[in-house]
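Visitor: Sequence:
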Amino acid sequence: SFAESIRDIAGALAIGPRGKGPGRVVAVTSTMRGEGRTATSIALARTMSQSGLRVLLVGADSQNPDLQQVMGLPPSYGFFDLAADRVQFKQVLVRDPLSHAHVVPAGMTHAAYALNSPHLTKIMQSLIHTYDAVIIDCGPASSPETLAVARMADYCLYAVRWNALERERMTAGLRTLAASGLRGRVGVILTQSEAAA
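Numbering (the numbering used here), first residue to last: 1 to 197.
Hints should not be assumed to be uniformly reliable.
Unchecked claim - SDA-like mimics (lysine to any residue), calculated; alpha carbons at most 25 Å apart, straight line:
(1) K122 x S143
(2) K20 x M124
(3) K122 x V188
(4) K122 x R151
These are calculated hints, taken from the structure and not from any lab test.
Using the sequences and the accompanying hints, generate a full structural model.
Guide: Below, the structure is given as structure tokens:
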């Protein structure tokens, strides 16, 4: 049922080969940790790559780099180091052993340095002209790095754990995202439920 739900989400996003245009950026966030955003990000990237798309999975949670831990990646340079212009892209790129997707972990540079860097926008432009889909595993919706990345996303998926979060906190998180100047669409996905991914 989890795989089916992920396929449904991928289908709803309707991302295809980029052709001559740019790829699409999908940011995945939630109100707090433990709501399934990292599992959703990984599963979505793998599912989309299995359909033949060129997919990049990016870790963008500098406080809790769950993506690296879940995928068993050792501490290394990554997205925030790249944005801070401390490393080259080839130094941070990893191949996912279970799919054709590429992975860039969060890295070791504090997010504040990256967010103030003029390279962040250039890097995102470069990525969407290389990949059909860039899936970004963000931190909580209230974090500055999530808000910065979400503003550059075409879609923002907001993970909500089934029967575990007060509606007021979820609503506050969505309002924070909306107030940050999102340009893309926002979708809420229910996690850790038999009825949804």
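Visitor: Of all the hints numbered above, which does this structure not satisfy? Sort the numbers upward.
Guide: 3
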